[in-house]
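Novice: Below, each chain spelled out in residue letters.
There are 2 protein chains.
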Amino acid sequence: MRIALDAMGGDFAPGPIVAGAVEAVLDQDDLVTVLVGDKEKIEAELAKAPGAPLDRLPIVHAAESIGMDEKPVEALRKKRDNSISRSWGLMATGEVQAIVSAGNTGAMVASALFAGERAKMFLPGVRRPGIAAIFPSHQGPIVIIDVGANMAPKPEDLYQYGLMGSIYAETILGVTAPRIGILNVGSEEEKGTDLTRGTRKLFDEGPWASRFVGNVEGRDIYEGHVRVVICDGFVGNVLLKAGEGAVEFLFSTLREELARLLPEFPVEVGMKVSHSLKNLKSRFEYEEFGGAPLLGIKGACIICHGSSKARAIKNALRVANLMAADRINEKIVEQLAGGSGPVAEADAAPQD
Amino acid sequence: MRIALDAMGGDFAPGPIVAGAVEAVLDQDDLVTVLVGDKEKIEAELAKAPGAPLDRLPIVHAAESIGMDEKPVEALRKKRDNSISRSWGLMATGEVQAIVSAGNTGAMVASALFAGERAKMFLPGVRRPGIAAIFPSHQGPIVIIDVGANMAPKPEDLYQYGLMGSIYAETILGVTAPRIGILNVGSEEEKGTDLTRGTRKLFDEGPWASRFVGNVEGRDIYEGHVRVVICDGFVGNVLLKAGEGAVEFLFSTLREELARLLPEFPVEVGMKVSHSLKNLKSRFEYEEFGGAPLLGIKGACIICHGSSKARAIKNALRVANLMAADRINEKIVEQLAGGSGPVAEADAAPQD
Chain A
1 MRIALDAMGG DFAPGPIVAG AVEAVLDQDD LVTVLVGDKE KIEAELAKAP
51 GAPLDRLPIV HAAESIGMDE KPVEALRKKR DNSISRSWGL MATGEVQAIV
101 SAGNTGAMVA SALFAGERAK MFLPGVRRPG IAAIFPSHQG PIVIIDVGAN
151 MAPKPEDLYQ YGLMGSIYAE TILGVTAPRI GILNVGSEEE KGTDLTRGTR
201 KLFDEGPWAS RFVGNVEGRD IYEGHVRVVI CDGFVGNVLL KAGEGAVEFL
251 FSTLREELAR LLPEFPVEVG MKVSHSLKNL KSRFEYEEFG GAPLLGIKGA
301 CIICHGSSKA RAIKNALRVA NLMAADRINE KIVEQLAGGS GPVAEADAAP
351 QD
Chain B
1 MRIALDAMGG DFAPGPIVAG AVEAVLDQDD LVTVLVGDKE KIEAELAKAP
51 GAPLDRLPIV HAAESIGMDE KPVEALRKKR DNSISRSWGL MATGEVQAIV
101 SAGNTGAMVA SALFAGERAK MFLPGVRRPG IAAIFPSHQG PIVIIDVGAN
151 MAPKPEDLYQ YGLMGSIYAE TILGVTAPRI GILNVGSEEE KGTDLTRGTR
201 KLFDEGPWAS RFVGNVEGRD IYEGHVRVVI CDGFVGNVLL KAGEGAVEFL
251 FSTLREELAR LLPEFPVEVG MKVSHSLKNL KSRFEYEEFG GAPLLGIKGA
301 CIICHGSSKA RAIKNALRVA NLMAADRINE KIVEQLAGGS GPVAEADAAP
351 QD
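From first to last, the protein sequence lines stand for chains A and B.
1 is the number of the first residue of the first sequence in this note's numbering; add one for each residue after it.
1 is the number of the first residue of the second sequence in this note's numbering; add one for each residue after it.
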């Protein structure tokens, strides 16, 4: 498998990005990671990893890179030779089967739309790709889709996100017959907006009706009774970032509180509590999945958090490899074409 | 001050609701709390509080009550003699100056719109009332408005929410010159939707421009650099409930983790840590404000959480009393009429 990695994308690029690529190819024999970006800088990073198998870490030079806060469309127009566009170019020509970036999310999505003809980039039947984020829950990981690719979706888009998110949850996260719900402000059927009502109708009348549970309220997300939560990209993005903010805030407050208490305790107690907190926090970061897949494109694409370190990049490359090799896209195309409904029906009881 | 309290509203009504009313009138000499609901049930609860000043706890009978999960408009139509409509009726006729309920939020808002002529219920110039929720932040409490009164607002509505939220933050929360921001998916000006762009324009061109900081991303909410965050009622409601869900999830996971560790520690360590966690959690519940005000109506209205206990009800009555007595509504009317811009300008540095 050949995967393009945007070596210039992310708050700490290219250092940890290249380091993650080295770890990934050392870990996976079938993997070639094409490092896209400033050749000189990438070579300098590779030089820091003497044992790196350079034959499986080719470089494709891109003179420019797009900053995390740049306006996506404007930046893509001005900086023609940027690492994101170059990476998608490799996808369009079939030189790579997947793409991974911790760079500007907006530019990643917009570039996918610009890179080639729609028919060449999107899976047959897909209206618009959507970003699937993974949240923790009492029942295990859940998928929230879309978290930022599509700000003004139609019911048909959300319907497709439900299908794609469900196939992703089943295939990659290993959830059996995941339930699908639509994020809403109440449980009653007519709650919400034209978008939520329209989407419900499509599910209720379609082959996935048995998997669809209707509305999910914000506070129920973490219960995990619904493993695929669909929403428009605006709400999803706010939710994703507010969740990050809340976790940060809570842990920093918690640390202050414990710092006040701990001096009174034996040292080993303090160490155990600190270690325990660190473990707990990592459960909210979901680095093991490396990032959020952009579903609906040919091949695979993982968008990583801007603050990704080597471990997250390594995991994103592993998941991208898995996704590109898996039948996930075939299944998506089959289901979008009408399919025969989901393979397994949801149980009456919450799955776990 | 006379305040109508929906004695039948809330998951545990009427017990803790009536108990909260008793505590409130004992605490505040100038307060009369009109208990609205099933006379017999209310009397039974009052009988449990022998010292209660019954002269300041009159009952207005309502034969029916609206359940927490009932469809608001349908329930209001079917159950004419319900405690929420009856409470708003007392507002419309001027028999009370404020209203407090822990009942069905949708019914509370819809009933406000039905209770009397718009001109009689809304403050002059107000397009649609909005619900202001209080969130914690590193800088102290912040206001998020709207969290569920208006699912499809116009830019003009959000503009008004910004003004009203700001006046509320200043008057009731004591924040000096609070900054206003609009919840969005990025910091760049053109990000988001027609609604966010339209609202920005109104602020940038209006007398409140100096207070307006532009976009706020989800993860920045808890930093507290912006003390008034405006958004549509759908996003705000999802955010509010997801925040509750995240806090619940985090604390339950934390408790499990500590329960695993604590048996190894001395008993007093365990007790201190448990106590500390409890304290911390209460900081996220903001019971001291009792609930979320519905801003833009004549008098005052506080919508409490469905799970409110006596303490929350008591505090909501205190805040409603404060709001109805304060010049807050005059200030809102003045500013909506064009005013002279905010009294104090925001500092260049984050306020604290």
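Keep in mind the hints are simulated off the structure, nothing from the lab.
Only a predicted model underlies this, so the values are computations on that prediction, with no experimental measurement involved.
One or more hints might be untrue.
Pairs of lysine-lysine residues, derived as DSSO-like cross-links and limited to a Cα-Cα distance of at most 27 Å, are as follows [unchecked claim]: (1) B:48 with B:78; (2) A:278 with B:281; (3) B:71 with A:154.
Which stretches of chain B does chain A cover? Using the computed rule of at least three CB atoms under 8 Å from a CB of chain A, they are [what the hints assert, rightly or not]: (4) 140 to 153; (5) 305 to 315.
Over 10 Å on every C-beta distance to chain A, these chain B residues come out as not near it, computed from the model [what the hints assert, rightly or not]: (6) 209; (7) 240; (8) 258.
The C-beta atom is built at its ideal place from N, Cα and C for all residues, glycine as well.
Novice: Hint by hint, note whether the structure agrees.
Specialist: We went through each hint and held it up to the structure:
Restraint check: the Cα-Cα separation between residue 48 of chain B and residue 78 of chain B comes to about 32 Å, which exceeds 27 Å; the hinted pair is violated. Among the hinted pairs, residue 278 of chain A with residue 281 of chain B is consistent with the structure: their alpha-carbon atoms are about 19 Å apart, no more than 27 Å. Simply put, residue 71 of chain B and residue 154 of chain A have alpha-carbon atoms about 25 Å apart, close enough for the 27 Å limit, and the pair holds. Here's how the region 140 to 153 of chain B fares: 3 of its residues keep a CB closer than 8 Å to some CB of chain A, so the rule of at least three is met and the hint holds.
Given as covered by chain A, the region 305 to 315 of chain B fails the check, having 0 residues with a CB less than 8 Å from a CB of that chain where 3 are the minimum. At roughly 22 Å, the least C-beta separation between residue 209 of chain B and chain A is larger than 10 Å, which holds for a residue marked as non-interface. With a closest Cβ-Cβ approach of about 7 Å to chain A, residue 240 of chain B is found to fall inside the 10 Å limit, against its non-interface label. Chain A draws residue 258 of chain B into its interface by the beta-carbon criterion, the shortest separation being 7 Å against a cut-off of 10 Å.
Hint violations for this structure: numbers 1, 5, 7 and 8, all remaining hints satisfied.
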